[in-house]
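Just so you know, numbering that gives the first Met the number 0 puts 91 at position 92 of the sequence shown, and the rest follows in order with no gaps.
Watch out, some of these pointers could steer you wrong.
[Claimed, not checked] Below, computed lysine-lysine pairings styled on DSS-like, alpha-carbon distance capped at 25 Å:
(1) K32 with K13
(2) K78 with K13
(3) K20 with K47
(4) K25 with K13
(5) K13 with K53
(6) K32 with K20
(7) K78 with K32
(8) K20 with K53
In short, the hints are calculated from the structure, not lab data.
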Amino acid sequence: MNTPRNLASAEALKGFAERSKTAAHKLEGRADKQEAHLPDLERQGNAKAINRVKCDINADRNNAQRMYRNAEATEARAKELARTGPEQPRKEALK
């Protein structure tokens, strides 16, 4: 049951997944840049700054991985929606 509305929703989900992947890629790039500056901070010996940057790197990488997983799940939902159509609302299912 592929109505134009269902396909439009599936396309919207695919677009959202692509934007999520792009954002995750940017986060990974930011983490890489911070990691490249870490040796400079270590030479300066600023322990607070080093710990803050390491924490930021870990947070960025974790968020990127979460965004990739969510994007994959969204793509799977989009494929399923395009294949089967939307779920019936609860009220209509009870009638």
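Next on the checklist: Going through the numbered hints above, which ones does this structure break? Give me the numbers in ascending order.
Outcome noted: Hints 1, 3, 5 and 7 not satisfied by this model.
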